[in-house]
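Use the sequences and the hints to build the structure in full.
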Amino acid sequence: MWLLIGLIAIVATFINLYRFIKGKDYKLAMAIGLSFTALTLCTEYSLVSEWVKNENWPALWEVPNFEKVLWFLTIVSILLNIAPIFLERKRKQ
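full-length UniProt numbering puts the first residue of the sequence shown at 1, with every later residue one more than the last.
Keep in mind the hints are simulated off the structure, nothing from the lab.
There may be inaccurate statements among the hints.
What the hints assert, rightly or not - Derived lysine-lysine pairs resembling DSS-like cross-links, with alpha carbons at most 27 Å apart:
| # | residue 1 | residue 2 |
| --- | --- | --- |
| 1 | K27 | K92 |
| 2 | K24 | K90 |
| 3 | K68 | K53 |
| 4 | K92 | K24 |
| 5 | K68 | K24 |
| 6 | K68 | K22 |
| 7 | K92 | K53 |
What the hints assert, rightly or not - Label pairs and their calculated CB-CB ranges:
| # | residue 1 | residue 2 | range |
| --- | --- | --- | --- |
| 8 | T43 | L79 | 20 to 26 Å |
| 9 | V11 | F72 | 16 to 22 Å |
| 10 | V76 | C42 | 16 to 22 Å |
| 11 | K68 | R91 | 31 to 37 Å |
| 12 | K24 | E62 | 16 to 22 Å |
Note that the structure is predicted; figures quoted are calculated from it, not measured.
Each residue gets a CB set at the ideal place from its N, CA and C atoms; glycine is no exception.
In C-alpha coordinates form, the structure reads like this:
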(Lines of atoms letter the chains of each structure in order from A; the text may use other names.)
(Lines give C-alpha, C1' and ligand atoms only; values in the text may rest on other atoms or scores of the structure.)
Protein backbone atom coordinates (compact mmCIF):
# COMPACT_ATOMS: atom_id res chain seq x y z
CA MET A 1 0.00 0.00 0.00
CA TRP A 2 2.79 2.43 0.89
CA LEU A 3 4.32 1.95 -2.55
CA LEU A 4 1.10 2.91 -4.35
CA ILE A 5 0.55 5.96 -2.14
CA GLY A 6 4.19 6.94 -2.59
CA LEU A 7 3.87 6.72 -6.38
CA ILE A 8 0.78 8.93 -6.26
CA ALA A 9 2.78 11.46 -4.22
CA ILE A 10 5.57 11.45 -6.82
CA VAL A 11 3.16 11.82 -9.74
CA ALA A 12 1.29 14.66 -8.00
CA THR A 13 4.59 16.43 -7.34
CA PHE A 14 5.56 16.27 -11.00
CA ILE A 15 2.08 17.46 -12.01
CA ASN A 16 2.54 20.34 -9.57
CA LEU A 17 5.85 21.33 -11.18
CA TYR A 18 4.49 20.85 -14.72
CA ARG A 19 1.45 23.03 -14.04
CA PHE A 20 3.65 25.73 -12.53
CA ILE A 21 5.96 25.72 -15.57
CA LYS A 22 2.95 25.98 -17.89
CA GLY A 23 1.58 28.91 -15.86
CA LYS A 24 -1.51 27.08 -14.64
CA ASP A 25 -2.87 26.83 -11.10
CA TYR A 26 -0.65 24.33 -9.32
CA LYS A 27 -1.86 24.62 -5.72
CA LEU A 28 -4.25 21.65 -5.74
CA ALA A 29 -1.52 19.37 -7.13
CA MET A 30 0.85 20.74 -4.48
CA ALA A 31 -1.64 19.93 -1.72
CA ILE A 32 -2.21 16.45 -3.12
CA GLY A 33 1.54 15.83 -3.39
CA LEU A 34 2.20 16.89 0.19
CA SER A 35 -0.84 15.01 1.48
CA PHE A 36 0.18 11.78 -0.18
CA THR A 37 3.72 12.23 1.11
CA ALA A 38 2.29 12.37 4.64
CA LEU A 39 0.07 9.36 3.95
CA THR A 40 3.09 7.42 2.68
CA LEU A 41 4.88 8.07 5.95
CA CYS A 42 1.80 6.98 7.91
CA THR A 43 1.47 3.73 5.96
CA GLU A 44 5.17 3.03 6.44
CA TYR A 45 4.79 3.58 10.17
CA SER A 46 1.79 1.23 10.20
CA LEU A 47 3.84 -1.40 8.41
CA VAL A 48 6.58 -1.21 11.03
CA SER A 49 3.94 -1.32 13.75
CA GLU A 50 2.57 -4.55 12.27
CA TRP A 51 6.07 -6.03 12.22
CA VAL A 52 6.41 -5.28 15.93
CA LYS A 53 2.97 -6.70 16.76
CA ASN A 54 3.78 -9.88 14.83
CA GLU A 55 7.26 -10.01 16.35
CA ASN A 56 8.82 -10.09 12.90
CA TRP A 57 12.27 -9.19 14.14
CA PRO A 58 14.17 -9.94 10.91
CA ALA A 59 12.00 -7.41 9.06
CA LEU A 60 12.79 -4.79 11.69
CA TRP A 61 16.48 -5.02 10.86
CA GLU A 62 15.66 -3.13 7.64
CA VAL A 63 14.06 -0.18 9.44
CA PRO A 64 17.31 1.81 9.93
CA ASN A 65 17.97 1.62 6.17
CA PHE A 66 14.47 2.80 5.33
CA GLU A 67 14.63 5.60 7.88
CA LYS A 68 17.35 7.44 5.97
CA VAL A 69 15.56 6.94 2.66
CA LEU A 70 12.24 8.17 4.08
CA TRP A 71 13.86 11.28 5.55
CA PHE A 72 15.56 12.07 2.24
CA LEU A 73 12.47 11.48 0.10
CA THR A 74 10.23 13.46 2.45
CA ILE A 75 12.58 16.46 2.42
CA VAL A 76 12.88 16.30 -1.38
CA SER A 77 9.10 16.05 -1.72
CA ILE A 78 8.51 19.06 0.51
CA LEU A 79 11.12 21.15 -1.31
CA LEU A 80 9.85 20.22 -4.77
CA ASN A 81 6.23 20.85 -3.83
CA ILE A 82 6.84 24.28 -2.28
CA ALA A 83 9.40 25.43 -4.86
CA PRO A 84 6.70 26.97 -7.12
CA ILE A 85 5.55 29.22 -4.27
CA PHE A 86 9.02 30.67 -3.82
CA LEU A 87 9.63 30.93 -7.56
CA GLU A 88 6.30 32.71 -8.01
CA ARG A 89 7.18 35.21 -5.29
CA LYS A 90 10.56 35.80 -6.88
CA ARG A 91 8.91 36.48 -10.27
CA LYS A 92 6.59 39.07 -8.73
CA GLN A 93 9.43 41.06 -7.18
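Hints, verified against the model:
{"no.": "1", "hint": "K27 <-> K92", "in the structure": "holds, 17 Å"}
{"no.": "2", "hint": "K24 <-> K90", "in the structure": "holds, 17 Å"}
{"no.": "3", "hint": "K68 <-> K53", "in the structure": "holds, 23 Å"}
{"no.": "4", "hint": "K92 <-> K24", "in the structure": "holds, 16 Å"}
{"no.": "5", "hint": "K68 <-> K24", "in the structure": "violated, 34 Å"}
{"no.": "6", "hint": "K68 <-> K22", "in the structure": "violated, 33 Å"}
{"no.": "7", "hint": "K92 <-> K53", "in the structure": "violated, 53 Å"}
{"no.": "8", "hint": "T43 <-> L79: 20 to 26 Å", "in the structure": "holds, 22 Å"}
{"no.": "9", "hint": "V11 <-> F72: 16 to 22 Å", "in the structure": "holds, 19 Å"}
{"no.": "10", "hint": "V76 <-> C42: 16 to 22 Å", "in the structure": "holds, 18 Å"}
{"no.": "11", "hint": "K68 <-> R91: 31 to 37 Å", "in the structure": "holds, 35 Å"}
{"no.": "12", "hint": "K24 <-> E62: 16 to 22 Å", "in the structure": "violated, 40 Å"}
Violated hints, listed in ascending order, are 5, 6, 7 and 12; each of the other numbered hints is respected by the structure.
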